[in-house]
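> If you want the building blocks of each chain, they are given just below.
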Amino acid sequence: MTPSDRRSFLRGALAAGVAGAVTGPSAARAAGAVTGSPADRATVRSFHGPHQAGILEPPRRRTAVVAFDVIATGRGELTELFRTLTDRARALTAGGAPVEAGISAPPADSGVLGPDLPGGGLMMTVGVGASLFDDRYGLASRKPPGLTPMRTFPNDALDPAWCHGDLSVQLSADEEDTVVHALRDVARHTRGALQVRWKINGFAGPPRPSGTPRNLMGFKDGIANPDAADAREMSRLVWAAPGTTGHGRDAPEPAWTAGGSYAVIRLIRMLVEFWDRVGLTEQEQMFGRARDTGAPLDGNHELDEPRYAEDPIGKVIPLTSHIRLANPRTPQAADSRILRRSFNYDRGVDAVGNLDMGLIFTCYQQDVARQFEAVQTRLSDEPLTDYIRPFGGGYFFALPGVRDAADFYARALLS
Amino acid sequence: MEFAMRLPALAAGAALLLAVAGDGAGPAPKAPPAPAIEAGASRCGTGRVPLRPGPQVLPLRNDGGTSTNVTLIDPRTGAIYAELEGMGPGTVRSLRVTLGPGSYAFRCAQDGPGDPVTGPVTRITGTGGGGTPGIVPVSENDLYASARAYQTYVSTGLGRLVARTDALRSAVDDGDLGAARAAWTPAHLAYERLGAAYGTFGDFDGRIDGRPAGLPGGVHDAGFTGFHRVEYGLWHGESASSLAGATDRLARDVRALRSAWPDERVEPADLPLRAHEILENTLQFQLTGEADQGSGTTLRTAAANLEGTRELVDLLRPLLRPRYAGLAGVDASMDRMAALLKGRSSVGALSRADRERLNGAAGELLERLAPIATICAPRRRPQGAE
Chain A
1 MTPSDRRSFL RGALAAGVAG AVTGPSAARA AGAVTGSPAD RATVRSFHGP
51 HQAGILEPPR RRTAVVAFDV IATGRGELTE LFRTLTDRAR ALTAGGAPVE
101 AGISAPPADS GVLGPDLPGG GLMMTVGVGA SLFDDRYGLA SRKPPGLTPM
151 RTFPNDALDP AWCHGDLSVQ LSADEEDTVV HALRDVARHT RGALQVRWKI
201 NGFAGPPRPS GTPRNLMGFK DGIANPDAAD AREMSRLVWA APGTTGHGRD
251 APEPAWTAGG SYAVIRLIRM LVEFWDRVGL TEQEQMFGRA RDTGAPLDGN
301 HELDEPRYAE DPIGKVIPLT SHIRLANPRT PQAADSRILR RSFNYDRGVD
351 AVGNLDMGLI FTCYQQDVAR QFEAVQTRLS DEPLTDYIRP FGGGYFFALP
401 GVRDAADFYA RALLS
Chain B
1001 MEFAMRLPAL AAGAALLLAV AGDGAGPAPK APPAPAIEAG ASRCGTGRVP
1051 LRPGPQVLPL RNDGGTSTNV TLIDPRTGAI YAELEGMGPG TVRSLRVTLG
1101 PGSYAFRCAQ DGPGDPVTGP VTRITGTGGG GTPGIVPVSE NDLYASARAY
1151 QTYVSTGLGR LVARTDALRS AVDDGDLGAA RAAWTPAHLA YERLGAAYGT
1201 FGDFDGRIDG RPAGLPGGVH DAGFTGFHRV EYGLWHGESA SSLAGATDRL
1251 ARDVRALRSA WPDERVEPAD LPLRAHEILE NTLQFQLTGE ADQGSGTTLR
1301 TAAANLEGTR ELVDLLRPLL RPRYAGLAGV DASMDRMAAL LKGRSSVGAL
1351 SRADRERLNG AAGELLERLA PIATICAPRR RPQGAE
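One line per chain: the protein sequences are A and B, in this order. Just so we're aligned: the first sequence equals residues 1 to 415 in our numbering. Just so we're aligned: the second sequence equals residues 1001 to 1386 in our numbering.
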C-alpha cells in the first residue's frame, strides 16, 4: 500500500467528503446546537492553542483513557495518522453538522449526539509513549530523554495487558454519550493505523458536599494541586522545558517538546471491601486528612496547610501518612509537585466477588523522574499500599497543542 | 389517462391536510404550515425553501395521495445527491445535504403508474467543494450480469465442494481419522470461498456451516451439524464410527445445496451488500477465533472469505469504477489483509503485534467496502436524464 492510498482513507475518510464537521462553532450556535449548563460553557476553550486541552482544565465528569498501539506502516502513514487525529479532534470539539454522505457511503457520523454535533463539551488529550520511538518510524533520536516505559514500583501488581502503549488518547466530557461518540469517531477514522491496547472509563464525582471531589475510599482527592491558573507555576512544574536537562540525565529536552507535558497514568484498584472494614481513625491517619472535611488532621478546612514543623514526630499527622510522604512541604520537595487529574473507575467484579473499582490516577509534570517518581518513591510501603493494587497504566508525553488550522498533533516531532 | 389518475390522489391529499389543520385548532388563528418542498409528483420540488450552498436541512412534504420516493439529483447527469425513500402521504420529513457548486433538482417518483417528475432546477455557483457527492444510480438491470457471474462462480465452487466433502466422508468411513482431519480443511475452505453470508444459501448455511451458539445443548446438541460438528469430533477424540453419521449428513447437505443452487435466484440487490457482509462475519467469528472447534484454521477460513469478497468486488468493478473514488483503496486493503493472512492458520499462534495488524487491516478494509453497498444498491434510474 502506498501512502497516497492510505491518505485517501485516513483523510478522505470512508468516502469522498466525509471528513466531518466543516461548519464550525458559529454554525452550531446558529442552529442552537450548543448545549450544556452555563458552567460548562464557561470552561469551553478553543481547540487551538499552545497546550492541549485536558491538562490545565479541571476534570470533566466523564472520561475514557485509551492506550493504542500504532500499526501504521512507515513515517508517512504515521504523519497521516496524526493529521487524521487532529482533524477529528478539531471537528469533534468544534461541533456543527457533519458533511452528508448522500448515497456515496453510510452516514459519516454515528448519530449518537443527534444530527448536529454539539461541540464545546469535549476535551481530547493525545500523548506518545516511549515505544513509538523504537525503530519503526525513525524517531529514536527525537525521543524526549525523560520518556521511558513506566517503571514497576515495589507495591505494583502490573498486568502487561493493561500497561504502556504507543499512543494515549484521553477523551473527557460532562456526558458519557459525548465520550462514547468521540471514541467511536476516532476509532472509525483510524482503523488501519491504530488498535486499542487497553481502555478504561472513569468518572469524577461532584463536590460532596463541597470542595474537592472524593475518590472511592471516600476521601477528597487532589486537594493540594498546584494552581493551574498560575502560569509561572505551570512553567516550573508542568510544561516541558526544551534545552534543559532533567533529573539524573544529561540529554537536553528537544525543542519540539515546547508546550507539551509528561503524563503519568496509573490504574490503581482500590480494595474497597477491605477499606470499608477499617476504622475511621485508622483511615484518617493513613491519609493524614479528616474524611468528612478533607482538612489536614491539624487543621479545620481542606485548604489549610499542614504544619509539619510543629509536629516533627508525627503525633497529629503520622510521618507515614499519605499526604506527608507525598508532599512534605519542604523547600527541597517543592519542585516534585505534580498536577493531578484523576478519575474514579468502576468496572465489574473479581473472582472472589469483590467489586473492581479504583482510581485512574493521572498527573502532569515537567520531569517524571524529578516529580512523579520521586513522590512515588517516598510513598513506597506507606500503610495505604495494603488497600490498593496498581495494575496498569503508562508514561506518555502529552504533545504540544495544535496552534492553528494548519497545525497538527506531533507536527514539530515529525518535521 | 395519467392526468386523470393523479387528480383523485391530489384531492385525497388535500383533504388529509385539511383534516390535520382542523384537528385541535383552538380559538387562536392557526399558524400557516411551515414552508416545505413538495415531494409529490404533481408539484415536485416546488415550495418556498431555497437551496443554498453548504450544509442544510431541507423539509419535504408529500402532498400526494400515495407514498413517494424523492431524490435530489443533478438533472444533467442523473446523479443522485440524496434520497428519501417511501415517504408516506401527508408526511413531512427532512433531507440533510451539503451542497457544493452544481445543478440540483428534485425528482419525485410517486407510487403508482405515473412516471417520475423532475422539479425546477437550481444552480449553485462558487468555487467551494466538499459537498455531498452525486452518484449516478445503479439499476437492478445493471446488476444482472454480476449476479449471473456470481451464480456461475458458486456453481463451479459447489462442484469442488462436493468432491472434497465426499473425500472427507470416505476417510471417515474408512476409519482413517488422520486422513479425515487432512480432508476436513480443504473441504471447509471450498465452502468458505463461496462467500456465503446472511442467507445467501438460505437454510443450507446453518446445516452446513452452523456454529453451536444458540443451541441449548451446545456442541452436543442434536441440531449441531455440518463442518463444525465434524471438526469438533475430529479434534476431540471422537471415533470414526461415531462421526460417520455427521459426516454423511454433511456430504448429503452439500449435495442437496448443489442440486438446489441452479434454481436459486441470486438477488442482484444482495451482491453489493455482500461486499462487506462476508468479512463482517469473518471479523466476528474467524478473527476472534470463535468459530474454531479444534482445527485451528480460522485464519485460513478468513483467507477463503477474502477470496470470496475479492470475487464479488471484481464482479462489481465495472459499476464501481466510475462511481467509487475509493476503489483503489479497497484493492490495496484487500492485498494488505491477504498478505497478513498468508501462511497463517490459528489466531492463537499470532503475536499480539501481528494480531493487531490483522485486526486493523480487516477493520480498514471493512470501512472501505461498506460504501459499495450504498453506491450499488439498485435504484430506479431517472428516465430522460441525459
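No lab work stands behind these hints, which were simulated from the structure alone. C-beta atoms are modelled at their ideal positions from N, C-alpha and C, and glycine is treated no differently. Please note that the accuracy of each hint is not assured.
Label-pair distances were calculated between CB atoms; the ranges are [as the list claims (entries may be wrong)]:
| id | chain 1 | residue 1 | chain 2 | residue 2 | range |
| --- | --- | --- | --- | --- | --- |
| 1 | A | K199 | B | A1031 | 26 to 32 Å |
| 2 | A | R184 | B | P1050 | 33 to 39 Å |
| 3 | A | R403 | B | G1202 | 56 to 62 Å |
| 4 | B | P1186 | A | D350 | 43 to 49 Å |
| 5 | A | G111 | B | A1031 | 50 to 56 Å |
In silico contact screen, one side only, chain A against chain B (beta carbon under 7 Å); selected entries [claimed, not checked]:
| id | residue |
| --- | --- |
| 6 | D69 |
| 7 | V99 |
| 8 | G102 |
| 9 | P242 |
> Against each hint, give a clear statement of whether it holds in the structure.
Hint by hint, here is what the structure shows:
1. A/K199 with B/A1031: 26 to 32 Å: At 50 Å between Cβs, range violated.
2. A/R184 with B/P1050: 33 to 39 Å: 35 Å, holds
3. A/R403 with B/G1202: 56 to 62 Å: Roughly 59 Å apart at Cβ, these two residues keep to the hinted range, so it holds.
4. B/P1186 with A/D350: 43 to 49 Å: Check passed, 45 Å falls within 43 to 49 Å.
5. A/G111 with B/A1031: 50 to 56 Å: 30 Å, violated
6. D69: 5 Å, holds
7. V99: 5 Å, holds
8. G102: Holds: closest Cβ of chain B sits about 4 Å from A/G102, inside 7 Å.
9. P242: Since chain B brings no Cβ nearer than about 32 Å to A/P242, farther than 7 Å, the hint is violated.
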